[in-house]
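With the hints as constraints, model all of the structure from the sequences given.
Single-letter residue listing:
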Amino acid sequence: MNFLIRFTVSKLLHLMLLLAAVAVLTFLLVSVSPIDPIDAYVGAARRVTMTDEQRALIAQRWGLDQPLITRFIRWLGQLLQGNLGESMTYHQSVAAVIATRFQASLWLMALAWLFSGVFGSTLGILAGATAGSWCDRLIRLYAYTLSSAPVFWIALLLLVIFSVNWQITPICCATPPGVLLQDVTLWQRLHHLILPALTLSVIGIGSLALHTREKLVEILQSNYALFARAQGETTTGIVLHHGLRNVALPALTLQFVGLSELFGGSVLTEKVFGYPGLGDATVQAAIRSDVPLLVGIVFFSAIFVFAGNTLADLSYRLIDPRIRIGGIER
Amino acid sequence: MLTVQNLSVSFTQYDTGLTQKQLTVITDLDLHVNAREVVAVVGSSGSGKSLLAHAVLGILPHNAQISGTILFKGEPLTRQRQASLRGKAIALIPQSISYLDPLMPVGRQVHQAARRAGVATTDIRQRVDHTFSRYELASTVKQQYPFQVSGGMARRVLVATAAVGQADLIIADEPTPGLHPDLVAETLNHLRQLASAGKGVILITHDLEAALQVADKVAVFYAGTTLEIAIAEDFVNGNLRHPYTQALWRSLPQNEFIPVPGAQPNPDALPDGCLFSDRCPLVTDACLTERPSLRLVRGAPVRCIHAEG
Ligand code: SF4
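Protein chains in written order, with our numbering: chain A, 1 to 330; chain B, 1 to 309.
Treat the hints loosely; a few may be bogus.
With a straight-line cut-off of 20 Å between C-alpha atoms, the simulated SDA-like cross-links for lysine to any residue are [unchecked claim]:
1) B/K21 x B/S67
2) B/K88 x A/L226
3) B/K88 x A/T234
4) B/K88 x A/T235
5) B/K142 x A/T234
6) B/K88 x A/T236
7) B/K142 x A/H241
8) B/K88 x A/H241
9) B/K142 x A/P321
For the record, the hints were derived by calculation from the structure and aren't laboratory data.
Written out as structure tokens, the structure reads:
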């Protein structure tokens, strides 16, 4: 318990430092960027017809005529009260946009995370147990290919095969067109999720498989594997009794750390599949110079990635008996 | 129970590029173990003593080639026989706790040893409990992970993994590395008890002193070969036959405490004649031409042409 308190406090401190750094950097970057907030707000059509007086009036109302430091403090004040501003793209508060969008993304990422975890570790264990064989070589080739293939390319490939040629999966979106949201069945949702989730899972599979393989090879050369063999255990038995147990923890940790890549990958995936998640919103916000939404997403992703790394850290401490009971740090 | 004759083990190594190299680590090794007997295999590191254990169990790496004969209960130990006997009729006591799975409670590991030894599933629990109390291990130790088990406990757990089955031959690979003398005595005592219960015990060690506390016979290994298989009394009675064994005996603290000068030859630069010739005070030209064969002198096998009856 004592440990959990210490852990939580130190992590919270870290998070606060991280968010402070993100706040300063984001603010500086936005203020030196060529985006003109007034232009972005009024849109291309009004930009030309607007007089200089009108422009100055808006600037004054928004406090754009104030010095940088004053603007930063005012912005930070709003931020600390939880006000992330209004999204110009969706005409909703940024918090609301992120909340709804993230819900859609969460399903996608969760499914992809599960896929890559199951496939990646299974492949890695198979390859590690048969290290040096044709099976191992095939899996490694596959893993290397997957980890070097760009996500959008895999997305397009899957779309061409499954949605265009075979027509067994939908070509876009999260729900069928022309169906009211409350009438969408769970099956329809899953049906729309399957290709994007598969694509996104590809990011994790390769590295997880290779990592698991490495780890298992190491385990099979360990003293305890040799002793198990001396006791008459077969390679399969060693993998089942000792391999899985010892491989699980590093694999799980890698999966948690991989959450950040998953988040990045979801931007491209959602774009290709027209899936209305947070990644898709990020692209929209960037195209329309929707600064409040972009900033909101930056903060959100920082927290998300931080959470992934914290979970990775925590999994080690809660599962590994050497640290949980013994307090031995690696 | 176990007879090893002319055992040789070599490894195929890849040198720079693709040239293969044969590295012979065991040459003409001999050993004989009876039931109710503790045979110590004594040699410094690199003398091939651990590899002997692995060769008997059939767990050498794939790039190892073996020649010679290993008989177990009078029949050749083929690969198939090794696979069906290891863990069951032949058990290994490893040298340290690092031979246990770091993420599995020790009770489960003894349990697994019993299962692998072929103990009937319904009896395993009882057998494990019995073994734990036999070695005075509290049942709370079962739930502990290897890192939690203290040095002395760890010794007993390792012995327990071998004693929980019904192996006839037990190979203890360096079971007393750097232990407190009390723990050494306790561990050796456990081995003696296993032998008294009718098992054959091989005690592999670099510690001649420890070996003499418990062994009936002492096989002296040097550069991968057996130089002499002496009876334990031969040491105290001054009845040793081989110059190396004599030097080893003299090097003990209670004797003259003079270390044997020189070093064991490398496996890739073995002398043509007697393997001990470069350090032997009695060396003659005859020693350098040919490897001495094992012959009986005063009732015990020795590999020296000048040993006298
Ligand atoms: S054979 Fe010769 S060199 Fe070898 S131990 Fe005997 S006397 Fe020494």
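**Q.** Those earlier numbered hints the structure runs against, lowest number first
**A.** Hint check: 5 fails alone, others pass.
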